[in-house]
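One line per chain: the protein sequences are H and R, in this order.
Residue numbering for the first sequence follows the numbering used here, beginning at 3 and increasing consecutively.
Residue numbering for the second sequence follows the numbering used here, beginning at 0 and increasing consecutively.
These are computed hints drawn from the structure, not numbers from a lab.
For clarity, every value in this text was computed on a predicted model and none was experimentally measured.
Glycine included, every Cβ here is placed at the ideal spot set by N, Cα and C.
Take the hints with a grain of salt, since some may be wrong.
Stated by the list, open to error - In silico DSBU-like cross-links for lysine-lysine, where the CA-CA straight-line distance does not exceed 30 Å:
id	chain 1	residue 1	chain 2	residue 2
1	H	Lys82	R	Lys48
2	R	Lys21	R	Lys57
3	R	Lys101	H	Lys81
As the list claims (entries may be wrong) - Covered stretches of chain H, as calculated for chain R (at least 3 residues, CB under 8 Å):
id	stretch
4	20 to 30
5	47 to 56
Said to hold, decoys possible - Now the in silico label distances, taken between C-beta atoms and shown as ranges:
id	chain 1	residue 1	chain 2	residue 2	range
6	H	Pro98	R	Asp8	33 to 39 Å
7	H	Gln4	R	Gly61	38 to 44 Å
8	H	Gln72	R	Gly98	19 to 25 Å
9	H	Leu84	R	Ser2	27 to 33 Å
10	R	Phe111	H	Gln15	42 to 48 Å
11	R	Lys68	H	Val62	29 to 35 Å
12	R	Glu65	H	Pro20	44 to 50 Å
13	R	Lys113	H	Gly18	27 to 33 Å
14	H	Ala42	R	Tyr60	23 to 29 Å
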Amino acid sequence: SQTIHQWPATLVQPVGSPLSLECTVEGTSNPNLYWYRQAAGRGLQLLFYSVGIGQISSEVPQNLSASRPQDRQFILSSKKLLLSDSGFYLCAWSPPPPLHNEQFFGPGTRLTVL
Amino acid sequence: AQSVAQPEDQVNVAEGNPLTVKCTYSVSGNPYLFWYVQYPNRGLQFLLKYITGDNLVKGSYGFEAEFNKSQTSFHLKKPSALVSDSALYFCAVRDVSTGGFKTIFGAGTRLFVKA
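The task is simple: from the sequences and hints, build the whole structure.
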């Protein structure tokens with residue numbers, strides 16, 4: 003069966019420090035991978051998605067970047083964190099098309115920038 | 000453009016009563032609709048989806064959803080609510096206009112089930 007891992011679970015970082023959040027998927031090949039941010043426990047904002055190694059699509063210009071160095075690994079990074087980067091970060095994967103495939107979410111990382 | 004709306008920020012229901020969480024959508028072409036649930040400090044969990052066929056879709060934990068093409072709605076329902084159903088519920092639509100790689104989520108509806 004497939005599983006998705008995210009770490010760390012919680013993170014407290016000072017403003018201006020770098021960030022690296024990691025997401026890995028097991029039990030599947032060539033997944034579509036996604037990074038979302040959820041603020042204030044409500045709506046999801048799609049940050050990045052990837053359909054293959056090295057292929058990253060950015061949805062919102064901001065202080066973050068993403069990379070996919072391996073088929074089942076997705077990394078969210080920042081060189082200098084801002085206060086506004088605080089939030090709940092969710093990684094998700096879905097099988098390749100057909101389009102009706104649902105997404106499977108990781109447990110999330112709670113990031114607090116002080 | 001594809002979109003999905005959840006008109007209620009919060010729904011309150013007594014345990015044992017039926018519940019409905021509303022969702023309306025706007026898509027071009029065939030809609031692929033989903034419901035997800037999120038418990039506190041957790042990731043989202045898939046509940047059910049509509050692809051085609053029967054308008055009543057059954058999913059996990061006793062939930063079901065009714066697809067209504069004329070009203071462009073996909074309301075989530077459960078005949079008898081449990082306190083443990085209290086959570087944040089998201090309706091979503093696959094954005095086929097961009098090749099189907101993205102999913103558009105509603106703002107979420109918080110369900111409170113009172114004992």
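Results for each hint:
no., hint, in the structure
1, H:Lys82 <-> R:Lys48, "violated, 39 Å"
2, R:Lys21 <-> R:Lys57, "holds, 16 Å"
3, R:Lys101 <-> H:Lys81, "holds, 26 Å"
4, 20 to 30, "violated (count 0)"
5, 47 to 56, "holds (count 3)"
6, H:Pro98 <-> R:Asp8: 33 to 39 Å, "holds, 35 Å"
7, H:Gln4 <-> R:Gly61: 38 to 44 Å, "violated, 24 Å"
8, H:Gln72 <-> R:Gly98: 19 to 25 Å, "holds, 23 Å"
9, H:Leu84 <-> R:Ser2: 27 to 33 Å, "holds, 29 Å"
10, R:Phe111 <-> H:Gln15: 42 to 48 Å, "violated, 33 Å"
11, R:Lys68 <-> H:Val62: 29 to 35 Å, "holds, 32 Å"
12, R:Glu65 <-> H:Pro20: 44 to 50 Å, "holds, 48 Å"
13, R:Lys113 <-> H:Gly18: 27 to 33 Å, "violated, 45 Å"
14, H:Ala42 <-> R:Tyr60: 23 to 29 Å, "holds, 26 Å"
Taken one by one, the earlier hints fail for this structure at numbers 1, 4, 7, 10, 13, listed in ascending order.
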